[in-house]
Amino acid sequence: MTHKKKAVFNWSGGKDSALALQKVLKNQEFEIVALLTLLNEDTLKSAVHSIPLEILSRQAKSIGIPLHTVSFARNLNNYSEKMTEIAQHFKTLGVTHFIFGDLEISDAKNIREQLFNPLGIEIIEPLWHKTSTEVISEYLQSGIKSKIVVTQADQLDKSFVGQELTEKLILNLPQNVDPCGEKGEFHSLAYDGDLFKQPILFKLGETIKISHDINLANGETKTFNYWQAEISV
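In the UniProt record's numbering, the protein residues as written are 1 to 233.
Read the hints as simulated data drawn from the structure, not as lab findings. Glycine included, every Cβ here is placed at the ideal spot set by N, Cα and C. There's no promise every hint is true.
Stated by the list, open to error - Straight-line Cα separation of at most 27 Å, DSS-like style, residue types lysine-lysine; simulated pairs:
#1 K6 with K26
#2 K109 with K168
#3 K6 with K183
#4 K23 with K130
#5 K197 with K209
#6 K168 with K158
#7 K158 with K23
As the list claims (entries may be wrong) - Ranges between beta-carbon positions, derived for each pair:
#8 E29 with I111: 30 to 36 Å
#9 G205 with P118: 24 to 30 Å
#10 E81 with E164: 21 to 27 Å
#11 I111 with K222: 17 to 23 Å
#12 A153 with P118: 33 to 39 Å
#13 G205 with T84: 35 to 41 Å
#14 N27 with K109: 27 to 33 Å
#15 D157 with L119: 41 to 47 Å
Full structure from sequences and hints, please.
Structure (structure tokens):
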């Protein structure tokens, strides 16, 4: 019997994470020992998608994999240090791989490899080498269901928040918006499909406008505005 490689799956709670994890579980090459999620230490919501910890816990329970969270400051300034600690912790448990749901449109894989490879952790990207069009087509055929919970305000107005991510919606996105939202135009919450043993119950309340100051690679700080759903159980 061939032993599976131990891996940690980096879980955002959104559609790309759900699709990538579903592919990994079907492939059966890896034993996923944990879903790792980054939380805003002030809100206890996921760092980008703003999904509350209670909903993330429900997702993990429904999937059947333990959730491991790590809290960060809002600006993620201590990301490298904390992720190094996390990688070293999981190495003691026999983990050799970290898996992410990034697309090739971003430079995420190179950045992750620079951080984790020196620690003896290999990066796996199941959605890499696919275009956004290919990934969203695969998502629409996967059976996974998700709703948009965050939009970048200058790309998509608040009417998109709370909408089901369907083929019709994707076709009606503005031309400048990536169909997977891979440039940050929107983020989603996955709540149903074959990946889950039972649907994730949640409520979408008021849509509010928030701002984040992001530190850019050139040293500048830029303010981004978002429409965000208030999510509750």
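Results of checking the hints against the structure:
A distance of roughly 15 Å separates the Cα atoms of K6 and K26; the hinted pair therefore holds under the 27 Å criterion. At most 27 Å may separate the alpha-carbon atoms for a hinted pair to count; K109 and K168 exceed this at roughly 30 Å. Only pairs whose Cα atoms come within 27 Å are accepted, and K6 paired with K183 is rejected, the gap being roughly 30 Å. Among the hinted pairs, K23 with K130 is consistent with the structure: their alpha-carbon atoms are about 14 Å apart, no more than 27 Å.
About 34 Å separates the Cα atoms of K197 and K209, which puts this hinted pair outside 27 Å; it is violated. With a CA separation close to 18 Å, the supplied pair K168 and K158 stays within the 27 Å bound. With a C-alpha separation of about 31 Å, the suggested pairing of K158 with K23 is violated against the 27 Å cut-off. For E29 and I111, the Cβ-Cβ distance of about 24 Å falls outside the hinted range of 30 to 36 Å, so the restraint is violated.
Checked against the hint of 24 to 30 Å, the pair G205 and P118 fails, with Cβ atoms roughly 43 Å apart. For the pair E81 and E164, the supplied restraint of 21 to 27 Å is violated, since their beta-carbon distance comes to about 39 Å. At roughly 18 Å, the beta-carbon separation of I111 and K222 lies within the given 17 to 23 Å, and the hint holds. Distance hint for A153 and P118: a CB-CB separation of about 38 Å, consistent with the stated range 33 to 39 Å.
G205 and T84 have their C-beta atoms about 37 Å apart, which keeps the hinted 35 to 41 Å range intact. Roughly 18 Å separates the CB atoms of N27 and K109, a value that falls outside the hinted 27 to 33 Å. Take D157 and L119: their Cβ atoms lie about 42 Å apart, and the range 41 to 47 Å holds.
In the structure shown, a violation is registered for the earlier hints numbered 2, 3, 5, 7, 8, 9, 10 and 14, in ascending order.
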